[in-house]
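Trainee: Just so you know, the sequences run in chain order A and B. Residue numbers are given in my numbering: position 194 of the first sequence equals residue 194, and the series is strictly consecutive. Residue numbers are given in my numbering: position 15 of the second sequence equals residue 15, and the series is strictly consecutive.
If you are wondering where the hints come from, they were derived from the structure by calculation, not from laboratory data. Some clues are possibly wrong.
[Said to hold, decoys possible] Straight line, CA to CA, 25 Å or less: simulated BS3-like cross-link-like pairs of lysine-lysine: (1) A/Lys245 <-> B/Lys215; (2) A/Lys245 <-> B/Lys217; (3) B/Lys38 <-> B/Lys120; (4) A/Lys248 <-> B/Lys217; (5) A/Lys245 <-> B/Lys38; (6) B/Lys215 <-> A/Lys250; (7) B/Lys217 <-> A/Lys250.
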Amino acid sequence: MSAAAVPSPVKMKLAVRDLEVFYGPKRGLAPVTIDLPEKNVTALIGPSGCGKSTFLRSLNRMNELIASCRVRGDVRLDGEPIYGPGIDPVVVRRRIGMVFQRSNPFPKSIFENVAYGLRIGGINDRSEIAGRVERALGQAALWEEVKERLQDNALGLSGGQQQRLCIARALAVEPEVLLMDEPASALDPIATTHIEELIDELSKDYTVVIVTHNMQQAARVSDWTAFFYMGELVEFDRTNNIFTKPSKSKTEDYITGRFG
Amino acid sequence: MALREHTNREYEGELRKLRDQLLRMGAKVEEIISGSIKALLERDSELATRMIAFDRRINQMEVDIDELCLSILARRQPVASDLRFITMALKLVTDLERIGDLGVNMSERVIELNEEPPLKPYVDLPNMANEVQGMLREALDAFVASDPERAQAVITRDINIDAYYSQIFRELLTYMMEDAHNIFRATRLQSIAKYLERIGDHATNVAEMVVFMVKGKDIRHTGKLEGETVRG
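Let the hints inform the model, and build the full structure from the sequences given.
Mentor: This is the structure:
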């Protein structure tokens, strides 16, 4: 797969070169070469098992938490190799945050959930923590709903609020890239709309990469779409092109529902 | 488009139904045009009257197809080639319906002409009618076959129609200048030539839509497929 052409005015945030992922002897992802544009939303679509989540997780070294997983190739964040020797994956994950499908707040207060990453990052100044918690909750469009009850248990929030809390938690450590693995698939349509609006808002400041099974959602929220199939990147293009005139017939078959 | 079938068979069925309805409407429109031309050449006012009544069925088909398109858009959120097909269908019916209306106009003029003796033997008009019918048939066949090259050939032919129209117009002018009594019939014949010319334009629109549907490339106002020079 050759590098997909992206018009020059867009700055590239993540440069991926020949990225391959293996689970034991089995290859989960064939070499992927792709440039992800800064402060844009890139959607990863494809059927289950196509490699899109594997690809997403390899962008912040989450795959290393799986024992049998091996990664080959190169991923650069602003030109710095994230798999380079001596690079601490924890530092990588601070710069490239992640939000998961199921909201997973800690059984602590709303405030502590967002402050958690700051505290383990070594920030102890109370007023700084308070300021960053408020800013993160604001960015996640949750502040107005929770500002009166920051000390309440986070598990008392609705599903949509919990997911936005997880986004706030990811934002609190001020990452540059936000990876989202089906962030709205467990939410109702209204909560989904909130998350989609939020993604749009976040893309002004962050580079967002989102895995979604909902193709209409990919069409709504993303600027760029990458289609994966059977562990390969098939096509990467502007979302508009993918959903009106994709260049590969495999993409066409998948997004129009002519598969299987 | 050698597309595979949809996994969802009900959706597949809806798209097939839309395609069938478009084809049926196209066939009806062809019928009204060939009937109106026959009525002109054979001075058959009764046939012309039947063609005028026929138009109501075409109008109903337009309404039905619009409804089906809206329902597919609302329920299936089509994308890519399906999206292009449905948006094209919505425009195609408008062109087809207009062609039907022009057929009605032709038949109306035919009935008026048949009140009087023939002005002259027709030479260019039957040829022009033939050419227009051929374009319409080819445009609809290109749609059935999803064949952009065939559609492109229709677009190229429009130039012949324009040539016929100016030829007929010039000839009728001389008749009108010769004798004022010819004006009633000559203006009616001129209208018919104009209707045929407009039908040619609509057939060209249909052909352009076929190119867009298959290739995803908008060739309106340029008249070109990639890398080809067709017009001027």
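Trainee: State for each hint whether it applies.
Mentor: Now the hints, each set against the structure:
Our distance criterion of 25 Å between C-alpha atoms is met by A/Lys245 and B/Lys215, whose separation comes to about 8 Å. Restraint check for A/Lys245 and B/Lys217: satisfied, since their Cα atoms lie roughly 9 Å apart, inside the 25 Å limit. Only pairs whose Cα atoms come within 25 Å are accepted, and B/Lys38 paired with B/Lys120 is accepted, the gap being roughly 17 Å. Only pairs whose Cα atoms come within 25 Å are accepted, and A/Lys248 paired with B/Lys217 is accepted, the gap being roughly 15 Å.
For the proposed pair A/Lys245 and B/Lys38, the alpha carbon gap of about 43 Å is over 25 Å, so the pair is violated. Between B/Lys215 and A/Lys250 the CA atoms are separated by roughly 16 Å; this keeps the pair inside 25 Å, and the hint holds. For the hint linking B/Lys217 to A/Lys250, the alpha-carbon distance of about 19 Å falls within 25 Å, and the restraint holds.
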